[in-house]
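J.: The lines below spell out each chain.
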Amino acid sequence: MTDSVDFLPPDSAGSARRVFLKQLAAASSSLPLGKALAGGSATAMLLQSADATAAPSGKPVINTVYGYQSFGPDEAAFVEAMLNIMCPADHLTPGGVDCGLAIYIDRQLAGSFGQGARRYAAGPFLQGAAQCGPQLPLTPEQYFKAGVAEADRAAQRLYGQLFDVLTPQQGDAFLQQLAAGRVAGEQLDLAEWFNSLVYPLFAEACFADPLYGGNVGMVFWKMIGYPGLPATHALDVVQYLGKPYPGAANPKSIADFS
Amino acid sequence: MKTRASKTVVIVGGGLTAGLIARQLTAKGVEVLVLERGGDHSKGPESSLPNQRDELRWAVRQGLIQDWSRETYTLRHQHNQTALPVRWMESFLPGQGLGGAGNHWNGHLWRWAEYDPQLRSHYLHRYGKQAIPADMPLQDWGVTYAQLEPYHDLFEKLFGVSGQAGNIGGKKLPGGNPFEAPRSGPYPQAPLQVLESGLVFKQACEQLGYHAFPQAAANSSGAYTNPDGQKLGQCQYCGHCERFICEANAKGSPQVLLYPMLRERKSFEVRLNTQVLGLRYDAAGKRATAVHCLDLLTGEEYEQPAEVIVLAAFTMSNTQLLLHSKIGKPYDPVSNTGVVGKNFCYQVNAGVDLFFKDKWFNPFLASGSTQMVIDEFNNDNFDHSGLGFLGGATIQAYQFSGRPIKGRRVPDGTPRWGTAWKQANADWYAHSMTLGIEGSCYPHRGNYLSLDPTYRDAYGRPLIRMTFDFRDNEQKMAAFLSNKMMEIARHCGADKVGSLQGLVTPFDSRLYQTTHIVGGTIMGETPHDSVVSPHLQHWDAHNLFVVGASVYPHNSGYNPTGPLGALALRLGDDLQRYLQRPGRL
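Going down the list, the sequences are from chains R and V. Everything in the first sequence is counted per my numbering, starting at 324 for the first residue and increasing by one. Everything in the second sequence is counted per my numbering, starting at 37 for the first residue and increasing by one.
Just chain R, with the same shape it has in the complex (with noise of 0.2 Å):
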């Protein structure tokens, strides 16, 4: 593994809204967040001129759900960042922060699985064959956050600033890189991270119910078309033999029948 990062000229301009964040942050930490300054609606306000998909009134269904339970600032302001690149504002969805696949992340870290329910926990802790899994002494939220803080001084690192503030094209350069193990980290293999826990956790985010607080309006299901609930397909599956399911248009999702 090693650090050889293309660089791309930093973009000084954009380290604008974490500082303001930071300095509001530590004047004010008492007072009440505006909605327009938490993370979500920040991005939401940029994307009225964006070309997402829309609902049918014309608006793109994005995230109404703010504040997070398990993210400081900082692993807030990066996980957006890192959302919004790999979830762009396009012809297909909404950006990732507006799709909720930040409150979504947030949310798994912060319950069960993030608290590392269910999985086997005893020591010791020895490296080994990749083949078993890894073999850390921390949840999977306590792994997502050292990994956040790890990538972040990677970032600074390579580009002089941190994540959040590298231009959307600097950001993803820098996610390729990572991913491919050309990131190396400090205590921690960054790829092994980003792959085996941010990576299925963003896919999760898009795909799952959007019981979970990601895939706001189900806006991925009709990206691919997946018809989701109640899904009793007995006459369909003879109907549509090799034909577009007509439901794919209209998916319905858990709380449709709740």
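Keep in mind that the hints are not guaranteed to be accurate.
Distance ranges between label pairs, derived from CB positions [unchecked claim]: (1) V:G449 x R:S581: 38 to 44 Å; (2) R:P491 x V:L423: 30 to 36 Å; (3) V:R452 x R:P569: 28 to 34 Å; (4) V:S84 x R:A440: 21 to 27 Å; (5) R:Y522 x V:V540: 17 to 23 Å; (6) V:L313 x R:P460: 22 to 28 Å; (7) R:P460 x V:L209: 56 to 62 Å; (8) V:R452 x R:T555: 29 to 35 Å; (9) V:Q616 x R:A453: 50 to 56 Å; (10) R:S581 x V:Q537: 33 to 39 Å; (11) R:P569 x V:S535: 45 to 51 Å; (12) R:A453 x V:D103: 19 to 25 Å.
Read the hints as simulated data drawn from the structure, not as lab findings. Just so we're clear, the structure is a prediction, and the values are computed from it rather than from any experiment. Just so you know, even glycine gets a beta-carbon here, dropped at the ideal spot from N, CA and C.
Following the hints, put chain V in place on chain R, whose structure we already have.
T.: The following block gives chain V in isolation, referenced to the frame of chain R:
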């Protein structure tokens, strides 16, 4: 520790085999107690709409699977390595709760090849004395397919199996499997609907001269009432089968077809949330005297004596209970002595994705068993002369689900995120299909189960240690079968054929492959080479019986449930004989 009142038959594990044994015994009024570590899933969100359709909860987070924080396994590939615990297992998925893995299985139901129970003799007869490598301890089971056939027939009727017979009484039938072992009658129900992916596959196979047939399955193609009066609903092709409980009661499961009926019978009792920690063994008397239990709701430990004890837990647990209770001699690969833990086998997998711009596969319109299969290159259904390996695999076009977290296909070279990734998912989700192989895994002297010297479970017992890898024979077989599969793939008329996703070596616990692990408490004709007799009776404790895939001395290129059901029903009948006159069967 308290000792509870003795029972006639105590069965460890409340899954498929326990239910079938109990059916035979309680029909004759024999007292049966089933001990199950998990609870009852039949009334929860896992069994009801809408939450049954939650891919994240049940499939990704393994909501019905063994709690790895309590019991897991350690893994190493060679016996001179240090094993590490698998902290979150993906490669195979034992169940937890009444019904066991029979709740979350896909429903594929195979009878194995007629020669499978005599596989060693078969290979020696066909290819000569040098046919079987010295490090491949294949052995005959000591029972024949013909002896098991009536039990296969009963099991298929009880579970309402849907399928197309290929061989009734030696007469080959069009549309079925020409390699099928002879059946006494047709399947109880018509086969499942053949999907577009199956039609594409069938056409390609016909060009190549192969005979594709629909998978026989315990997914009910219609409404069905079994010989016990238990009912199955019609399969809804909902795509939530494997890793899920069927809320429509359309999947043959012990929780649907056996336990509700058994609980109405006076001589039957099931104790849920009861962890079995070990067995009490009287080595001098060659008897297992009691089961050491832990009530997981109250924390109470007690001994449960019994006249007969049956181990009917998952493969790994059956082996662990014998090793931990020091019953039988543990297998040692260096000295090649001992039997408990021997012949641990898995299964061989490979696959390829196909992409068609103009075909609609609708992957979400599927049951857990909607696949078309060929059997031409399975086991010894083809000539192995000069090939340098034994065994084989089915090749199939499978379509079991369009669940979107795990069930999407994108062409080679697609980025892993970003607009191009999203576009590829949008373009190909409904327009792609997969071919796969599922193949045999023959025993190897170096593949076995033992007790780990370092890591312990939540109850303080040593974890089971897997020493396993896909050895030379399996790697060669996988390469041969992968070539055959890719040839079919190229005949399917796809716009894009993905690259081969070959057998992953070394064995990797992080990838789901199959839950079909076998061996560890193998059956055979002598105490020298087996843990249990052909009647599944322990050689060192005549009132102790073991049933499950742990008794298979090899794994075939078929799912293991068919012979499992047949062996369990036969054991139920054998135990009636045993109780009348306890001794060696």
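J.: Against each hint, give a clear statement of whether it holds in the structure.
T.: Do the hints match the structure? See the list:
1. Taking 38 to 44 Å as the suggested C-beta distance range, the pair G449 (chain V) and S581 (chain R) conforms, at roughly 40 Å.
2. Roughly 53 Å separates the CB atoms of P491 (chain R) and L423 (chain V), a value that falls outside the hinted 30 to 36 Å.
3. As the Cβ distance of R452 (chain V) to P569 (chain R) is approximately 31 Å, the hint placing it in 28 to 34 Å holds.
4. Our hint of 21 to 27 Å for S84 (chain V) and A440 (chain R) holds, since their Cβ atoms are close to 22 Å apart.
5. For Y522 (chain R) and V540 (chain V), the Cβ-Cβ distance of about 18 Å falls inside the hinted range of 17 to 23 Å, so the restraint holds.
6. About 27 Å separates the C-beta atoms of L313 (chain V) and P460 (chain R), a value consistent with the hinted range of 22 to 28 Å.
7. Between P460 (chain R) and L209 (chain V) the Cβ separation comes to about 59 Å, which falls inside the hinted range of 56 to 62 Å.
8. Between R452 (chain V) and T555 (chain R) the beta carbon distance is about 34 Å. The supplied range of 29 to 35 Å therefore holds.
9. A hinted range of 50 to 56 Å holds for the C-beta pair Q616 (chain V) and A453 (chain R), which are about 55 Å apart.
10. For S581 (chain R) and Q537 (chain V), the hinted distance range of 33 to 39 Å is satisfied, since their beta carbons lie about 38 Å from each other.
11. One distance hint, 45 to 51 Å for the beta-carbon pair P569 (chain R) and S535 (chain V), is violated here, with the actual separation near 34 Å.
12. In this structure the hint that A453 (chain R) and D103 (chain V) lie 19 to 25 Å apart at CB holds, the actual value being about 24 Å.
Hint violations for this structure: numbers 2 and 11, all remaining hints satisfied.
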